[in-house]
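Colleague: Sequence:
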Amino acid sequence: MISVRHLILATSLTILLFAGGVSAQQADPELRDALLAAASDSSSFEDRFDAEVWLTDMSQRLRRQVKDPDERVNILKLVHLEAKRANLPPELILAVIETESNFDRYAISVAGAIGLMQIMPFWLDEIGRPDDNLLHIDTNLRYGCTILRFYLDKEKGDLRRALGRYNGSLGKRKYPNKVIDKLTKKWFQA
Numbered sequence: 017m018i019s020v021r022h023l024i025l026a027t028s029l030t031i032l033l034f035a036g037g038v039s040a041q042q043a044d045p046e047l048r049d050a051l052l053a054a055a056s057d058s059s060s061f062e063d064r065f066d067a068e069v070w071l072t073d074m075s076q077r078l079r080r081q082v083k084d085p086d087e088r089v090n091i092l093k094l095v096h097l098e099a100k101r102a103n104l105p106p107e108l109i110l111a112v113i114e115t116e117s118n119f120d121r122y123a124i125s126v127a128g129a130i131g132l133m134q135i136m137p138f139w140l141d142e143i144g145r146p147d148d149n150l151l152h153i154d155t156n157l158r159y160g161c162t163i164l165r166f167y168l169d170k171e172k173g174d175l176r177r178a179l180g181r182y183n184g185s186l187g188k189r190k191y192p193n194k195v196i197d198k199l200t201k202k203w204f205q206a
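Numbered according to the working numbering, the sequence shown spans residues 17 to 206.
Accuracy of the hints is not assured; some may be wrong.
[Claimed, not checked] EDC-like, lysine to aspartate or glutamate: derived pairs with alpha carbons at most 20 angstroms apart:
1. K194 / D120
2. K190 / D174
3. K190 / E171
4. K100 / E114
5. K194 / D174
6. K198 / E114
7. K202 / E68
8. K188 / E171
9. K100 / D66
10. K100 / D63
11. K100 / E62
12. K83 / D73
13. K202 / D73
14. K190 / E114
15. K202 / D120
16. K198 / D120
17. K100 / D174
18. K100 / E68
19. K83 / D120
20. K201 / E114
21. K100 / D169
22. K198 / D73
23. K198 / D174
24. K83 / E114
25. K194 / E114
26. K83 / E68
27. K201 / D73
28. K202 / E114
29. K100 / D73
No wet-lab data here; the hints were simulated from the structure.
Please construct the entire structure, taking both the sequences and the accompanying hints into account.
Modeller: Given below as structure tokens:
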């Protein structure tokens with residue numbers, strides 16, 4: 017069972033996720049609707065044992081990037097929550113975050129993308145939520161997972177193309193290969 021505190025934190029962290037490459041003039045109305053719907057949804061681990069095993073394993077893998085154990089576990093819980101809500105593997109989201117921001121929740125790109133998943137701030141106005149804070153981990157993850165899920169569906173499950181869309185580099189291999197390399201070598205290793 018998830019606590020009220022975790023629910024509030026998870027909701028705040030996931031609303032902000034979006035990765036760059038799309039200008040406000042190119043905003044997809046279907047994606048805008050998906051982000052708006054995601055802003056009020058949340059879920060969690062199915063049972064405590066699965067949570068403990070996954071969090072312990074992933075915490076060890078994340079230790080180099082996020083030194084503080086409480087912050088590390090908080091990020092991992094929120095990643096799991098939002099990934100599962102969007103029907104994505106949490107490990108994929110960890111690989112995207114490592115590629116996008118190297119787990120720097122305060123990262124801001126030269127293009128203006130913000131947070132762990134490097135969400136473009138125009139989405140806040142686009143979906144009518146200008147007061148959302150993309151530096152909040154839960155908000156950032158919510159946006160990012162929703163956007164990646166949208167692109168994965170749009171590309172009929174083609175992960176490389178979905179990652180290219182997410183990064184604004186559709187048709188190029190560098191970014192998708194980087195994410196998939198991190199996914200297979202760090203986050204999905206046995």
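Colleague: For the pair supplied as a hint, K83 and D120, confirm whether the alpha-carbon distance does not exceed 20 angstroms.
Modeller: holds, 11 angstroms
Colleague: Quickly compare the C-alpha distance for K198 and D120 to 20 angstroms and report which way the hint goes.
Modeller: Within the cut-off at roughly 16 angstroms; holds.
Colleague: Holds or violated: are the alpha carbons of K190 and D174 at most 20 angstroms from each other?
Modeller: holds, 15 angstroms
Colleague: Need the status of pair K188, E171: alpha-carbon distance at most 20 angstroms?
Modeller: Roughly 15 angstroms separates the two Cα atoms, so the pair holds.
Colleague: With a cut-off of 20 angstroms on the C-alpha distance, tell me whether K198 and E114 pass.
Modeller: Holds - the C-alpha atoms of E114 and K198 are around 8 angstroms apart, at most 20 angstroms.
Colleague: Decide if the proposed pair is consistent with the structure: K83 and E68, CA atoms, cutoff 20 angstroms inclusive.
Modeller: With Cα atoms ~19 angstroms apart, K83 and E68 stay inside 20 angstroms; holds.
Colleague: Quick one, are K100 and D169 close enough, alpha carbons at most 20 angstroms?
Modeller: holds, 15 angstroms
Colleague: Can the restraint linking K100 and E114 be considered satisfied, given a maximum Cα separation of 20 angstroms?
Modeller: holds, 18 angstroms
Colleague: Would you mind confirming whether the straight-line C-alpha gap from K190 to E171 stays at or under 20 angstroms?
Modeller: holds, 18 angstroms
Colleague: Are K202 and E68 close enough, with their CA atoms no more than 20 angstroms apart?
Modeller: holds, 19 angstroms
Colleague: Would you mind confirming whether the straight-line C-alpha gap from K201 to D73 stays at or under 20 angstroms?
Modeller: Given pair K201, D73 holds - Cα atoms ~14 angstroms apart, limit 20 angstroms.
Colleague: If you draw a straight line from the CA of K100 to the CA of D66, is it 20 angstroms or shorter?
Modeller: holds, 13 angstroms
When held up to the earlier numbered hints, the structure conflicts with none and fits them all.
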